[in-house]
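Let the sequences and hints guide you as you build the complete structure.
Single-letter residue listing:
Number of protein chains: 2
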Amino acid sequence: MSKYFNSNIKINKKRLIKSIYKMAKIGQLNNGGCRRLAFSEEDFKAKKLLINWCTEIGLNVSMDPIGNLFAELKGKFKKNESIGIGSHLDTQPHGGKFDGAYGVLAGLEVIRTLVDNNIVPPKSIKLINWSNEEGCRFTPPLMGSSVYAKSIKLNHALKTLDKNHLKIENELQKKFPQDIKKIFNHKLESFIEIHIEQGPILEKSKKCIGIVTGAQGSRGLDVIIKGQDAHSGTTPMNLRKDTLIVAANFIQLFDKRARNLNCDLRATVGNILTSPGSRNTISGYTFFTIDIRHPRSIILDKMETCINKIASDLIKKYKISINIKKVYNLPTVNFNTKIQNIIENACNKLNYTKMKMISGAGHDAMSLAEKIPTGMIFIPCLNGISHNEKEHASDDDLEAGCNVLLHTILKLNDFKTIHTPHL
Amino acid sequence: MSKYFNSNIKINKKRLIKSIYKMAKIGQLNNGGCRRLAFSEEDFKAKKLLINWCTEIGLNVSMDPIGNLFAELKGKFKKNESIGIGSHLDTQPHGGKFDGAYGVLAGLEVIRTLVDNNIVPPKSIKLINWSNEEGCRFTPPLMGSSVYAKSIKLNHALKTLDKNHLKIENELQKKFPQDIKKIFNHKLESFIEIHIEQGPILEKSKKCIGIVTGAQGSRGLDVIIKGQDAHSGTTPMNLRKDTLIVAANFIQLFDKRARNLNCDLRATVGNILTSPGSRNTISGYTFFTIDIRHPRSIILDKMETCINKIASDLIKKYKISINIKKVYNLPTVNFNTKIQNIIENACNKLNYTKMKMISGAGHDAMSLAEKIPTGMIFIPCLNGISHNEKEHASDDDLEAGCNVLLHTILKLNDFKTIHTPHL
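Here the protein sequences come in this chain order: W and X. Read in order, the letters of the first sequence are residues 1464 to 1886 in the numbering used here. Read in order, the letters of the second sequence are residues 1464 to 1886 in the numbering used here.
Please keep in mind that the hints were generated in silico from the structure rather than gathered at the bench. Predicted, not measured: the structure shown is a model, and the values here were computed from it. Please note that the accuracy of each hint is not assured.
One copy or any two copies: either way a pair holds, since identical chains are not told apart in the list.
[What the hints assert, rightly or not] In silico EDC-like links for lysine to aspartate or glutamate, alpha-carbon gap of 20 Å or less:
1. Lys1719 x Asp1776
2. Lys1645 x Glu1544
3. Lys1704 x Asp1727
What follows is the structure in structure tokens.
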């Protein structure tokens, strides 16, 4: 039996919970949630609080050019390889306290526990706060981890604009902390992320820990409809080129087709903008977003075919222009089976109920999974609700997940290497 | 035969066109249109240009507490009664050069022509620029003229907020020109407005002048749908409370029912806002506007019944809250028949083709029609397009309409009084 895995150390529950609730004060909303949009003032305030906590325990903090934050606990080995743990501190516009923040602060708690116990593990541990996971201000989501994993080009990401035409490059230039080193190439041999499930499965199954075997594929589309602005009082119904009516028909059919296609399909229109947006003018321009997800890419292909068919039928019917642009395509992901086993053994050792499951949501771990051995741990959240201010996870579950993360990290140190690192 | 009506004077076409195109420079957009939202910087710049033009020819300029601008050419009579002419300088977000501005600047041209010809008419002529006719930034439309006509309370109007929570009262306080008198009670014995038709009827009928007999009724509703924010990747389709899907179904049914109910009904959803408005979150809140118009109130009643039925069916189907609020109800209006006859006689005298017609759009003249003798003159606009940057009216039609306005005003001076004034 190995040295590190057999250690009986536990994380400090009180300190973990305190950190989560302290972080939740940054960008706090009225109904218990948070608003820390990527690259906003609040996002950088959150990074600064994390930096303070990391430097307090002697971690070596740096950021890369897309704003991913790395805080290193040096291992005994001089080698460049290290184990990454972390998640993200950015949130949805009306986000919860736990989505992302839990993964970062559980990682911090694991390192604090190692420091408390004077454990210097063989491998360095890098706590990571990935930039712009949510992708709701700047598309696509998982941006920081995708740049790190080289599936998105840095220069391309830096040029991304938000809806007010602000550019990531300029936001970073203004807000990048002056006293933090900018380092490009952080080597990782493996990566572990812990997160709330954001769905109802663990709660319904009465299990404490989810061992995530993989994640469903996810595609993002933009739909742009162009017609003609006209007066709402004078323009007869049959002479209109009303893009909002076309959008309403599109969205209604999109929802209907998705419900009929496959019961595991998730199909969402999350945002719509119409122009000129005046109550007495017919809309000459409408834009909306599409998000579709499923564990099998063939179902996503079928849904895309449906979407294109809806568009071509509406173009014929309304003599209007509809343009569909694919803005991202995150493939189905399988997590490393050796790491799944390590997580399962940690659950057994700690006597936590567990189950294998796939992730419905997108996570930074998905960006890394194709490049290095990667694993994910889920804990339940109340009523499966997330991306909502009401999002909640119990203190006991937060503690349990963090202990599983700790013992997974300890066990990873027992292997000389999990796999030849790609990054 | 009377003295003033038999005058053969004509307006100065070149000066009229020059004024229209000069005014169009304020808030100019890229495709030939204008953006002068009510109470914006551009709106006040337009007022200031008008004030300069009016003071140049010795008119007495003042504004009332809602920002309606009055410029008076003193008549021979000392009596307080006067004839009002005018329209509005505010525009839609992507408005045209002629909607509103033509009516104000044709009124100015009429007064300039009287001054050129040293005509001092018996009655004072008041050129009026009504505040916030469009109602797209601050609801309802026809606000300034409705406050003047006492169908909206001044205090209520001043408290109106735009979508950024800016209040009219504060906007006026900041922007009200310091050197302009604030006067409350401008008496009018009659009011005449000239406007582009904003529809295709005159053009299709090959007529130069529309004698407007009345205007259709118009109602504004707000629809608010409340559901639940949730994660787009994890929330099964059958567990969602997605307000945007409900809105899409609502709008699609609304459009279908309106098309089937009556061929003269105009039914429009001009604006939609969804929250949190993130591509990977299900929308817990959606708001949209409804605008319905018809010459008969019974048809509008029927459409309102349809709208309430759609809402109650969707509430049942989706277990979601839908709230419908009526924000304005502008009744069907009939214009004064004596004034219609005067306009018709002016057309005959000037040899312009003409037809009687009703107005599809809302106009400030409608606010006044129930209180004092009021008339409206239309001229054609290209392809009937309005509330669009492409809006266009020919120089010849602009001239013709302005001459009809001039001779209508002259004739009104031949009557001792049209009617006992109410205002």
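Right, here's what the structure says about each hint:
In the homo-oligomer, the alpha carbons of Lys1719 and Asp1776 lie at most 20 Å apart both inside one protomer (15 Å) and across protomers (17 Å), since each shortest distance falls under that limit. Taking the shortest alpha-carbon separations for Lys1645 and Glu1544, only the intra-copy value of 19 Å comes in at or below 20 Å, while the best inter-copy value is 77 Å. In this assembly of identical chains, Lys1704 and Asp1727 lie within 20 Å of each other by CA distance solely across copies; the values are 17 Å between and 36 Å within a copy.
Against the hints set out earlier in the document, no violation occurs for any number.
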